[in-house]
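Novice: Each chain is listed here by its residues.
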Amino acid sequence: MPETILFYLFASVALISALYVIFSKEPTYAVLSLVVTMFSLAALYVMLHAYFIAMIQILIYAGAILVLFLFILMLLGTEGILPSDQARLGRGWCFFGVLLVSIFTAELAMVFQSTQNLKDWPSEILGTVENIGRSIFSEHLLAFELISLILLIGIIGVVNLAHKKEADNA
Amino acid sequence: MTLSLENYLIVSGMLFAIGALGVMTRRNLIMILLSIEIMLNAVNLSFVAFSSYGDNVTGQVSALFVIAIAACEVAIGLAIAVLVFQSQRTISTDAVSRLKG
Chain A
23 MPETILFYLF
33 ASVALISALY
43 VIFSKEPTYA
53 VLSLVVTMFS
63 LAALYVMLHA
73 YFIAMIQILI
83 YAGAILVLFL
93 FILMLLGTEG
103 ILPSDQARLG
113 RGWCFFGVLL
123 VSIFTAELAM
133 VFQSTQNLKD
143 WPSEILGTVE
153 NIGRSIFSEH
163 LLAFELISLI
173 LLIGIIGVVN
183 LAHKKEADNA
Chain B
235 MTLSLENYLI
245 VSGMLFAIGA
255 LGVMTRRNLI
265 MILLSIEIML
275 NAVNLSFVAF
285 SSYGDNVTGQ
295 VSALFVIAIA
305 ACEVAIGLAI
315 AVLVFQSQRT
325 ISTDAVSRLK
335 G
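Protein sequences appear in the order of chains A and B.
Under the numbering used here, the first residue of the first sequence carries the number 23, and numbering increases by one thereafter.
Under the numbering used here, the first residue of the second sequence carries the number 235, and numbering increases by one thereafter.
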């Protein structure tokens, strides 16, 4: 029972802070609110016994990605930010949204009907560092190496973009 | 009453919908990137939930790959945002529509 209360607590904190992210006028507050979302998602991962993913979530998202967002926001200052950048959605977008919601609902209903062969409780030893490491370095080794290639391409791309910027200024 | 897979999937779907709404309504490049992060996290939550309830570690490994690619995508997206700001003095997506070629 305390587990259920904790689940609803963290899930509602994640949803409310995500809503604040997309509706706030101030981008800095939006980034800080996204940090709250990331931490509550990490708590949900812990409740799913995915300890390694929870740790990586806090390290990479809260520690690296959102700090990068904050740096860029401080670099750009506030003059590039529009006073109100909420777009007005026309009737076509409303139709699109209704379509999207109905597709999601249908997919969720189909998934709920086909989850009978799954377990009723989360596996407790699956998310340890040992199990995930064994899986990464045996059956997912090629994908792991391709990820390192993608990160290398990302580094080269960002350095190239920044270099071009300096050349334009000079 | 125990927590089931459906609880996590509903939270994941709601987070994905919030992120999609953010991508559609905001006109600020950085806010669009933040909304994309929310959508990626929603997908990660459903990956981990399926992995944990289905007793298969592949979902958690996929979530790890998604996090790595998200880090890469954010670095490149923010570099592009800085370049757009330097040429247009704004990061509204309306400015990007004036680019040619």
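Hints may be right or wrong, so weigh each one.
Label-pair distances were calculated between CB atoms; the ranges are [as the list claims (entries may be wrong)]:
| # | chain 1 | residue 1 | chain 2 | residue 2 | range |
| --- | --- | --- | --- | --- | --- |
| 1 | A | GLY85 | B | GLU240 | 20 to 26 Å |
| 2 | B | THR327 | A | PHE166 | 23 to 29 Å |
| 3 | B | GLN322 | A | LEU163 | 39 to 45 Å |
| 4 | B | VAL277 | A | GLY114 | 22 to 28 Å |
Stretches of chain B that chain A covers, calculated by requiring three or more beta carbons in the stretch to come under 8 Å of a beta carbon on chain A [unchecked claim]:
| # | stretch |
| --- | --- |
| 5 | 248-260 |
| 6 | 270-283 |
| 7 | 291-299 |
| 8 | 308-321 |
Don't read these hints as lab results, they were simulated from the structure.
Every residue gets a Cβ at the ideal spot worked out from N, C-alpha and C, and that includes glycine.
Novice: Run every hint past the structure and note whether it holds.
Specialist: Hints, one by one, checked against the model:
1. Checked against the given bound of 20 to 26 Å, the beta carbons of GLY85 (chain A) and GLU240 (chain B), roughly 32 Å apart, lie outside it.
2. The hinted window of 23 to 29 Å between THR327 (chain B) and PHE166 (chain A) is violated, with their beta carbons roughly 35 Å apart.
3. As the Cβ distance of GLN322 (chain B) to LEU163 (chain A) is approximately 44 Å, the hint placing it in 39 to 45 Å holds.
4. At roughly 26 Å, the beta carbons of VAL277 (chain B) and GLY114 (chain A) sit within the given window of 22 to 28 Å.
5. Residues of the stretch 248-260 of chain B lying with their CB closer than 8 Å to a CB of chain A number 12, which satisfies the three-residue condition for coverage.
6. Given as covered by chain A, the stretch 270-283 of chain B passes the check, having 7 residues with a CB less than 8 Å from a CB of that chain where 3 are the minimum.
7. Residues of the stretch 291-299 of chain B lying with their CB closer than 8 Å to a CB of chain A number 7, which satisfies the three-residue condition for coverage.
8. Counting residues of the stretch 308-321 of chain B whose beta carbon lies closer than 8 Å to any beta carbon of chain A gives 11, which meets the minimum of three for the stated coverage.
The structure fails to meet hints 1, 2 from the earlier list, while all remaining hints are met.
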